[in-house]
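J.: Construct the complete structure from the given sequences, taking the supplied hints into account.
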Amino acid sequence: MSHVQVDLSRHILASRWLEQGVVSYNRKHGELVKEAIHNRQDIPNTLRWLAHGPTHQVVKYLGYIINRCRYHTKERDMTCVTQNSGVSILAGTMQIASSKDKNPVFGELCFYGVINEIWDLDYNMFRIPIFKCDWVDNKNGIKVDELGFTLIDFSKIGHRSDSFNLGSQAKQVFYVDDQLDPKWSIVLSIPPKDFNNMEGLDDFTDNCMEHHPFISSMPEVESFNVMDESEAIYMREDCEGIWIENN
Numbered sequence: 001m002s003h004v005q006v007d008l009s010r011h012i013l014a015s016r017w018l019e020q021g022v023v024s025y026n027r028k029h030g031e032l033v034k035e036a037i038h039n040r041q042d043i044p045n046t047l048r049w050l051a052h053g054p055t056h057q058v059v060k061y062l063g064y065i066i067n068r069c070r071y072h073t074k075e076r077d078m079t080c081v082t083q084n085s086g087v088s089i090l091a092g093t094m095q096i097a098s099s100k101d102k103n104p105v106f107g108e109l110c111f112y113g114v115i116n117e118i119w120d121l122d123y124n125m126f127r128i129p130i131f132k133c134d135w136v137d138n139k140n141g142i143k144v145d146e147l148g149f150t151l152i153d154f155s156k157i158g159h160r161s162d163s164f165n166l167g168s169q170a171k172q173v174f175y176v177d178d179q180l181d182p183k184w185s186i187v188l189s190i191p192p193k194d195f196n197n198m199e200g201l202d203d204f205t206d207n208c209m210e211h212h213p214f215i216s217s218m219p220e221v222e223s224f225n226v227m228d229e230s231e232a233i234y235m236r237e238d239c240e241g242i243w244i245e246n247n
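Just so we're aligned: the sequence shown equals residues 1 to 247 in full-length UniProt numbering.
Treat the hints as calculated values from the structure; they're not laboratory data. Hints are not guaranteed to be accurate.
Within a straight-line C-alpha distance of at most 27 Å, the following computed DSSO-like cross-link-like pairs (lysine-lysine) qualify [what the hints assert, rightly or not]:
#1 K74 with K60
#2 K171 with K143
#3 K156 with K102
#4 K74 with K102
#5 K171 with K156
#6 K171 with K183
#7 K74 with K132
#8 K132 with K183
#9 K183 with K143
#10 K156 with K183
#11 K132 with K143
#12 K74 with K183
#13 K139 with K102
#14 K34 with K132
#15 K132 with K102
#16 K143 with K60
#17 K139 with K60
#18 K102 with K60
#19 K139 with K74
#20 K143 with K74
#21 K183 with K139
Computed from a predicted structure; not experimentally measured.
T.: As structure tokens, then:
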């Protein structure tokens with residue numbers, strides 16, 4: 001048992017080392033790009049604005065429509081009967097085979113998670129939406145059953161230092177509880193919705209309208225001659241009426 005614990009600890013340390021190295025590289029790479037294009041004139045304006053970074057004021061939303069899909073934060077989903085907070089992304093990442101592996105291999109992995117926050121970054125000339133998510137750990141939180149369905153365990157959250165992803169690169173998914181084991185959720189794909197050809201875009205906003213209860217029936221009145229002032233009169237007096245016998 002001690003041997004297994006030691007190997008597991010080494011694997012965790014190696015994974016953390018790799019994760020911290022990627023974060024450090026990303027930070028240094030951003031500064032290098034900014035310095036490289038500062039004095040160059042043949043750089044596209046979009047890349048130049050990206051290198052300068054966004055403004056410090058960030059607008060956050062509970063919902064966002066992008067790529068014909070409507071996304072919600074997990075908090076917003078808690079008040080709805082629909083589910084729009086599930087996302088997946090196919091991303092390139094460095095992988096190691098074991099704790100002793102010093103040669104990481106670059107490959108593609110599919111990550112699954114839920115949206116916690118939606119940020120809209122302002123680069124002055126354009127805006128870029130990004131999703132802050134809880135991602136399920138790919139090592140022990142994802143499996144494929146004998147029928148080919150992908151199942152995830154939301155109690156196994158990983159990749160905490162890399163929780164953001166571009167909204168334009170996200171793919172919406174739907175999670176259904178596994179009836180055989182409630183701790184696992186089945187991943188289902190969602191076809192994109194055609195919002196562009198639908199009228200009345202206000203119907204897709206997050207506004208909530210309250211209405212007073214409608215009266216479904218009229219009160220019974222035995223005689224219109226025997227009524228007090230508190231009772232409403234439901235008979236027109238400006239025209240001749242038609243009397244119907246009550247059998």
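J.: Next pair to validate is K139 with K60; report whether the Cα-Cα distance is within 27 Å.
T.: violated, 31 Å
J.: For K139 and K74, compute the direct alpha-carbon distance and say whether it is at most 27 Å.
T.: holds, 24 Å
J.: When you check the alpha-carbon spacing of K156 and K102, does it fall within 27 Å?
T.: Measuring from Cα to Cα gives roughly 26 Å; hence the hint holds.
J.: Hint check: K132 vs K183, CA-CA at most 27 Å. Holds or violated?
T.: holds, 23 Å
J.: Hinted pair, alpha-carbon criterion (27 Å max): K74, K102. Please report holds or violated.
T.: violated, 38 Å
J.: For the pair supplied as a hint, K171 and K156, is the alpha-carbon distance within the 27 Å limit?
T.: With Cα atoms ~21 Å apart, K171 and K156 stay inside 27 Å; holds.
J.: Between the alpha carbons of K143 and K74, is the straight-line distance 27 Å or under?
T.: holds, 23 Å
J.: Need the status of pair K171, K183: alpha-carbon distance at most 27 Å?
T.: Holds, because 23 Å separates the two Cα atoms, which is no more than 27 Å.
J.: Between K171 and K143, does the CA-CA distance stay at or below 27 Å?
T.: holds, 19 Å
J.: Quickly compare the C-alpha distance for K139 and K102 to 27 Å and report which way the hint goes.
T.: holds, 18 Å
J.: Taking 27 Å as the top limit, are the C-alpha atoms of K102 and K60 close enough?
T.: Given pair K102, K60 is violated - Cα atoms ~40 Å apart, limit 27 Å.
J.: Given the hint that K74 pairs with K60, test it: the Cα-Cα distance must not exceed 27 Å.
T.: At roughly 13 Å apart (the allowed maximum being 27 Å), K60 and K74 satisfy the hint.
Of the numbered hints stated above, those contradicted by the structure are hints 4, 15, 16, 17, 18, listed in ascending order.
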